[in-house]
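A.B. asks: The chain contents come next:
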Amino acid sequence: MNLVKNHIMSLVNLGKREDGRKLDEYRKPIKIEYGVSAKSAEGSAKVFIGDTEVIAGVKMEIGTPYPDTPDKGSLQANVELLPLSSPEFESGPPSIESIEMSRSVVDRGIRESHAIDLNKLCIKEGEKSWTILIDIYSLNDGGNLADAIGLAALAALKDAKFPNYDKKTGKIDYTKHEEELKLKKIPVSITVYKIGTKFIIDPILNEEGASDARLMITTTEDGRVCAMQKGGIAPLSFEDIDKMVEIAIEKGKELRKYL
Amino acid sequence: MYKKRFDGRKFDELRPMEAKVGIIKRADGSAMFKQGKTIAVAAVYGPRELHPKFLQNPEEGVLRCNYNMMAFSGSGERVRPGPSRRSKEISYVTDKALMPTLNLKEFPGTVVDVFIELIQTDAGTRCAGITAAAMALADAGFFMRDLVSSVSIGIIEDQIIVDVDKEEEDYEKGMCDMPMAFMPKSGNITLLQCDGYVTKEQLKKALESGKNACNKIYEVQKMALKNKYQGELK
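Protein chains in written order, with this note's numbering: chain A, 1 to 259; chain B, 1 to 234.
Don't read these hints as lab results, they were simulated from the structure. Predicted model only: the values in this text are computed from it and were never measured. Not one of these hints is a red herring.
Cross-link-like lysine-lysine pairs, in silico, DSS-like; alpha carbons within 30 Å at most:
#: 1; chain 1: A; residue 1: 185; chain 2: A; residue 2: 158
#: 2; chain 1: B; residue 1: 37; chain 2: A; residue 2: 31
#: 3; chain 1: B; residue 1: 3; chain 2: A; residue 2: 176
#: 4; chain 1: A; residue 1: 39; chain 2: B; residue 2: 37
#: 5; chain 1: A; residue 1: 39; chain 2: B; residue 2: 173
#: 6; chain 1: B; residue 1: 166; chain 2: A; residue 2: 168
#: 7; chain 1: A; residue 1: 28; chain 2: B; residue 2: 228
#: 8; chain 1: B; residue 1: 25; chain 2: A; residue 2: 16
#: 9; chain 1: A; residue 1: 39; chain 2: B; residue 2: 216
#: 10; chain 1: A; residue 1: 257; chain 2: B; residue 2: 25
#: 11; chain 1: B; residue 1: 37; chain 2: A; residue 2: 176
#: 12; chain 1: A; residue 1: 176; chain 2: B; residue 2: 4
#: 13; chain 1: A; residue 1: 28; chain 2: B; residue 2: 25
#: 14; chain 1: B; residue 1: 25; chain 2: A; residue 2: 39
#: 15; chain 1: B; residue 1: 37; chain 2: A; residue 2: 182
#: 16; chain 1: B; residue 1: 166; chain 2: B; residue 2: 37
#: 17; chain 1: B; residue 1: 88; chain 2: A; residue 2: 39
#: 18; chain 1: A; residue 1: 31; chain 2: A; residue 2: 161
#: 19; chain 1: A; residue 1: 28; chain 2: A; residue 2: 182
#: 20; chain 1: B; residue 1: 211; chain 2: A; residue 2: 39
#: 21; chain 1: A; residue 1: 185; chain 2: A; residue 2: 161
#: 22; chain 1: A; residue 1: 31; chain 2: B; residue 2: 20
#: 23; chain 1: B; residue 1: 25; chain 2: A; residue 2: 22
#: 24; chain 1: A; residue 1: 28; chain 2: B; residue 2: 20
#: 25; chain 1: A; residue 1: 257; chain 2: A; residue 2: 120
#: 26; chain 1: B; residue 1: 166; chain 2: A; residue 2: 39
#: 27; chain 1: A; residue 1: 5; chain 2: B; residue 2: 25
#: 28; chain 1: A; residue 1: 243; chain 2: A; residue 2: 257
#: 29; chain 1: A; residue 1: 158; chain 2: B; residue 2: 20
#: 30; chain 1: A; residue 1: 161; chain 2: A; residue 2: 184
#: 31; chain 1: B; residue 1: 166; chain 2: A; residue 2: 176
#: 32; chain 1: A; residue 1: 39; chain 2: B; residue 2: 20
#: 33; chain 1: B; residue 1: 226; chain 2: A; residue 2: 31
#: 34; chain 1: B; residue 1: 105; chain 2: B; residue 2: 20
#: 35; chain 1: A; residue 1: 39; chain 2: B; residue 2: 228
#: 36; chain 1: A; residue 1: 39; chain 2: B; residue 2: 4
Pair by pair, the computed Cβ-Cβ distance ranges are:
#: 37; chain 1: A; residue 1: 20; chain 2: B; residue 2: 58; range: 45 to 53 Å
#: 38; chain 1: A; residue 1: 97; chain 2: B; residue 2: 108; range: 30 to 38 Å
#: 39; chain 1: A; residue 1: 257; chain 2: B; residue 2: 173; range: 47 to 55 Å
#: 40; chain 1: A; residue 1: 230; chain 2: B; residue 2: 82; range: 28 to 36 Å
Using N, Cα and C, we set each Cβ at its ideal position, and we do this for glycine too.
For reference, chain A alone in the conformation it holds in the complex (with noise of 0.2 Å):
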C-alpha cells in the first residue's frame, strides 16, 4: 500500500491523477435515474458517478410525533455498505463507516438545512405525523461512495410523493401517491480529501486509500455550509478548511445541477 501511496502523493503534488483528471475534476458521466423503485418506494433514485453506483429509497408511515416536537413529523437516514458492492465490506450490523455516513452526510446534511419542511409532516399535533424514512445503499464502490450516497438520498426525496392518506379510516393506500414531498433547500455533500498539501475531489480507491485527513461538506445554494464532518487521522489547519469549504461550495453549486 506505501508504494501505491507514494506514487499517488507524487502525482497529486504535480497536480496530476491516475485517471487524467484535474485535482478538483469529477469523473464522469454522473448519471441520475428516477423511480428504480417505483413500485415499490414512494421515492426513489440511483446515482452514478463514474464507477460508483448507489440506491437510495425513501418510504413514508405514519407515526407518533417525538414529544418534544409534538407539531414536527421526522426523517432518518440509513446507509448500508453492501458486501454485494465490494469485497472489502462484511456483512453483518452496519459498520461505523455507513453508521458515520448515515449520520453525516444524509441525516445531519439534510435536516440542518431544513430542506424538509418537517412541521408539514404534521397531521394532528401530538398524535399523528409522517416519518420519512430513506435507506441508501451502495451497489459498486469504485471510490467516492460518500458525495454519490448524499446525492441519492436527494434524488430519492425529490422523486417522492406521499401515499394516500384516509384521514376518517387512517389507512394509508400504497398504491396511490398524489401529494409531492417538496425539498426546500439542496443540500449537497461534498467530502474534500487532503493528500500531502494538496486537495482533492471525487478520490478513486487508491486516492481515498492514500489520503490522510478528509472534510465532508455540505452547502446549500445559498453558498452557506450546513453540516460537515471531519475524517480521518491527519489534523487540518484552519487555512485547510477555508480552502476545502471553498471548494465545496465550488463543486456542490456543479453537483446540484444534475437534480
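Once you've looked at the hints, dock chain B against the given chain A.
C.D. replies: Structure of chain B alone, referenced to chain A:
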C-alpha cells in the same frame, strides 16, 4: 373459476424479462434479473478464505448465499433491515438450489459468497434472485454442470398459472404458490416449495408448466451471458 389473469396474461405466459450480466464491477461475477416489476441483483465474491476458520470445509469450498430485500422494496411499510426468519430461510434454500451446479472440490477451505438484493418486488423474489445468482456464478467463471432457472407456479381455483405476481399471490379466495428452480440441461429440480393445496395430478401438470417456463428463462439467461462475452471479444 379464474378465467382471466389480473394483468391480462395467458395462463402460461411469463412477465416481460430483462437480464444483464456484469453489472457490478467490484464483484467477481454479477447479474441483474427483472421479471415484470420484480428486480433482483446478484454479486459473487470468491472463492476466498473463509473466516472464522472452524467454518471451513477441508474437502471443498462452501457456498454461502444471502438474500435480502432492500428496506424500500416491499409493498406497504418499510422492511426492517437485517436478516429475518423469512430472509434466512430463503438464503438457505437458495444455497441448495444453486449448489448442484457447482463443483467446489478444487477450492477447499474457501467460501463463495453470493449476495442477492431485491430492489423492487412484485412476488417471485426468491425465484428472480436464484435466476440472477446463477448468471452471476457463470459470470464469475465457475465451471458449472448446468445453469439454474427459477419461476413460481400458482394454482388459483384449479387453474395452473405461471410466474405469479403479487396481485395473484394475494388472491382473496386463496391460492397455491409453488416456487421451483430447475436445471434446464439435466431436467432436474433444485428448489421446490409449496404453499397451499394441490392434488397429485395438478402437481404433475404444474411441474410441467414450470419446466416450460424455466426453459424460456434459460434462453434469456444464456442471451445475457453471451451478450457480455461476445461484446468483450469484439
